[in-house]
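Engineer: Take a look at the letters that make up each chain.
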Amino acid sequence: MVKVIFRDKEWELRAGMTVRHAILKVGLHPLAVLAVRDGKLINEATITRRDDVIRLVAVMSGG
Amino acid sequence: MKCKKCGGVAAINMRQHKLALCEEHFLEWILKQTQRAIEKYRMFAPEDRILVAVSGGKDSLSLWDVLLRLGYQVEGLYIHLGISGGGYSDSSLEYVERFAAAREGARFRVVSLKADYGQSVPELAQMTHRGHKPCALCGLVKRHVMNRVAYQGGYDAIATGHNLDDEAAVLMQNTLHWQAGYLARQAPVLPSTHPRLARKVKPFVRLYERETAAYAIVRGIDYIYDECPHAVGSTTIFYKSLLNQLESRSPGAKLSFYLSFLQAKREGLLAVQEEALELQDCQNCGQPTTAPGLCAFCRLWEQRMDSG
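Residue numbers (the numbering used here), protein chains in the order written: chain A, 1 to 63; chain B, 1001 to 1308.
Since the hints were made in silico from the structure, they are not lab data. Backbone N, C-alpha and C define an ideal beta-carbon position, used for all residues, glycine too. Among these hints, one or two may not hold up.
Label pairs and their in silico Cβ distance ranges [stated by the list, open to error]:
(1) A:Arg50 to B:His1017: 29 to 35 Å
(2) A:Val26 to B:Leu1262: 35 to 41 Å
(3) B:Asp1226 to A:Asp51: 27 to 33 Å
(4) A:Ala45 to B:Lys1133: 55 to 61 Å
(5) B:Gly1087 to A:Thr18: 36 to 42 Å
(6) B:Glu1039 to A:Glu10: 53 to 59 Å
(7) A:Lys40 to B:Leu1262: 32 to 38 Å
(8) A:Ala45 to B:Asp1226: 52 to 58 Å
Facing chain A, from chain B, some residues (calculated, C-beta under 8 Å) [stated by the list, open to error]:
(9) Met1001
(10) Ala1011
(11) Ala1020
(12) Ala1106
(13) Glu1209
(14) Arg1210
(15) Ile1217
(16) Glu1227
(17) Pro1229
(18) Ala1231
(19) Lys1240
(20) Asn1244
(21) Ser1248
Some chain A residues flagged as far from chain B (calculated, every beta-carbon gap over 10 Å) [as the list claims (entries may be wrong)]:
(22) Ile5
(23) Arg14
(24) Ala15
(25) Lys25
(26) Val26
(27) Gly27
(28) Lys40
(29) Glu44
(30) Thr46
(31) Arg49
(32) Arg50
(33) Asp52
(34) Val57
Using the sequences and the accompanying hints, generate a full structural model.
Structural biologist: Shown next, in the form of structure tokens:
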């Protein structure tokens, strides 16, 4: 499984889907977040692997 | 997905430019794009002294980092607004301090509204009966302080971290309400129209917010992630979300919306509204104001005294 973290929420998703698909699956907009794995920025076409921990970072601010 | 420059693994894909880049080439691209914007809109020259307004957020810290790396003479200004009983502002300041401590030549100054003027933004908002919506007041206060510091410190320009998403959201808001005056004044550069009003520049104006956030991540810039508590659920975020819906259907829509607005302005669309306003000196602080007597900032403090 793949763990996806966004703020204080966590989801467990199956491995093998793209990051873009994972973002959509957890109900976020792909343009509103960036994905980070092992401290590295990864693009939305990256295929998730078993045991991945993917942190989603919000990019929008309202100031 | 591969980097268009080197064929390595792409860290980011920018669909509006049909460009995927690895970390190294993305950082290089951001520097080039920023330099190009500075030159294209004649924001400032290498000999100018720039005051960069820093909030501890991703955009302003990334801008500060980029300007330092480009070799500009830049100093930071942090305005402590006293948000959330001072807690939010204190932690934002810590990010600014950590950023500066880790970079040679990153100097900055702090202006505290409470210590220097006697009241924080939330207190001022409360006393002038704007407690439920302090954002407009906060903007007014920040503009006043930035102009004062720039004037007293002899800076040539004030740089802010506004990105293309910020500009497109404001543009959409002003267009939906046909705020011709605001539209006329929206630009990558606001020239100085008075000796006490510094030029305002937005070097990130052609970069998407996603790119400034990516820059901060790749550069390892630690920034305040939590939103200002007063900005949560703000209309700006709402408009940005709408624009992202449009962008996902039509990559480049935000960029095109903003750039075609600038083009229309150049062609005279808002020429009548662009006529210069007559400015007078505020009787109290000396900063320019369109109304006779006191400027909006000084009226605010007078209002506070009346109600206190």
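Engineer: The structure should be examined with respect to each hint, and the outcome stated for every one.
Structural biologist: For each hint, the structure was consulted:
Judged by the Cβ atoms, the range 29 to 35 Å given for Arg50 (chain A) and His1017 (chain B) holds: they are separated by roughly 33 Å. Taking the beta carbon of each, Val26 (chain A) and Leu1262 (chain B) are about 36 Å apart, inside 35 to 41 Å as hinted. About 29 Å separates the C-beta atoms of Asp1226 (chain B) and Asp51 (chain A), a value consistent with the hinted range of 27 to 33 Å. The given range of 55 to 61 Å is broken by Ala45 (chain A) and Lys1133 (chain B), whose C-beta atoms sit roughly 42 Å from each other.
Range check, Gly1087 (chain B) to Thr18 (chain A): Cβ separation about 39 Å, and the 36 to 42 Å hint holds. The beta-carbon spacing between Glu1039 (chain B) and Glu10 (chain A), approximately 45 Å, falls outside the hinted interval of 53 to 59 Å. For the pair Lys40 (chain A) and Leu1262 (chain B), the supplied restraint of 32 to 38 Å holds, since their beta-carbon distance comes to about 35 Å. Hint check: Ala45 (chain A) to Asp1226 (chain B), Cβ distance near 30 Å, so the stated range 52 to 58 Å is violated.
With its C-beta approaching chain A no nearer than about 4 Å, Met1001 (chain B) sits inside the 8 Å limit, and its interface hint holds. Residue-level restraint check for Ala1011 (chain B) holds (minimum Cβ-Cβ distance to chain A is 4 Å; threshold 8 Å). Nearest Cβ of chain A to the Cβ of Ala1020 (chain B): about 6 Å, under the 8 Å cut. The hint holds. Evaluation of the Ala1106 (chain B) hint against chain A yields a violated restraint, the C-beta minimum of about 21 Å exceeding 8 Å.
For Glu1209 (chain B), the shortest C-beta to C-beta distance to chain A is roughly 5 Å, which falls under 8 Å, so the interface hint holds. With its C-beta approaching chain A no nearer than about 5 Å, Arg1210 (chain B) sits inside the 8 Å limit, and its interface hint holds. Checking Ile1217 (chain B) against chain A by beta carbon gives a least distance of about 5 Å; that is within 8 Å, so the hint holds. The criterion of a C-beta within 8 Å of any C-beta in chain A is met by Glu1227 (chain B), whose closest approach is roughly 6 Å, and the hint holds.
With its C-beta approaching chain A no nearer than about 11 Å, Pro1229 (chain B) sits outside the 8 Å limit, and its interface hint is violated. Restraint check, Ala1231 (chain B) versus chain A: the minimum CB separation of about 4 Å is within 8 Å; hint holds. At a threshold of 8 Å, the smallest CB-CB gap from Lys1240 (chain B) to chain A is about 5 Å, leaving the interface hint in force. A hinted interface residue such as Asn1244 (chain B) counts as satisfied when its beta carbon comes closer than 8 Å to some beta carbon of chain A; here the least separation is about 4 Å, so the hint holds.
Interface restraint check: Ser1248 (chain B) against chain A, minimum CB-CB distance 6 Å, threshold 8 Å, status holds. At roughly 13 Å, the least C-beta separation between Ile5 (chain A) and chain B is larger than 10 Å, which holds for a residue marked as non-interface. Distance check for Arg14 (chain A) against chain B: the nearest CB is about 21 Å away, which clears 10 Å, and the non-interface claim stands. With a cut of 10 Å on Cβ distances, Ala15 (chain A) stays outside the contact zone with chain B, its closest approach being about 18 Å.
Distance check for Lys25 (chain A) against chain B: the nearest CB is about 16 Å away, which clears 10 Å, and the non-interface claim stands. For Val26 (chain A), the requirement that its beta carbon stay farther than 10 Å from each beta carbon of chain B is met, with the minimum near 16 Å. Gly27 (chain A), annotated as away from the interface, keeps every beta carbon of chain B farther than 10 Å; the closest lies near 13 Å. Not every CB of chain B is more than 10 Å from the CB of Lys40 (chain A) (nearest about 7 Å), against its label as outside the interface.
In this structure Glu44 (chain A) is not separated from chain B by more than 10 Å, as the shortest Cβ-Cβ distance comes to only about 6 Å. Under the 10 Å C-beta cut-off, the non-interface status given to Thr46 (chain A) relative to chain B is violated; the minimum distance is some 7 Å. Every beta carbon of chain B lies more than 10 Å from that of Arg49 (chain A), the smallest distance being close to 14 Å; the non-interface claim holds. Listed as a non-interface residue, Arg50 (chain A) keeps its Cβ farther than 10 Å from every Cβ of chain B; the least gap is roughly 19 Å.
Look at Asp52 (chain A): its CB is around 15 Å from the nearest CB on chain B, clear of 10 Å, so calling it non-interface holds up. Residue-level check failed: Val57 (chain A) sits 6 Å from the nearest beta carbon of chain B, not beyond 10 Å.
Comparing the model with each earlier hint shows violations of hints 4, 6, 8, 12, 17, 28, 29, 30 and 34; every other hint is respected.
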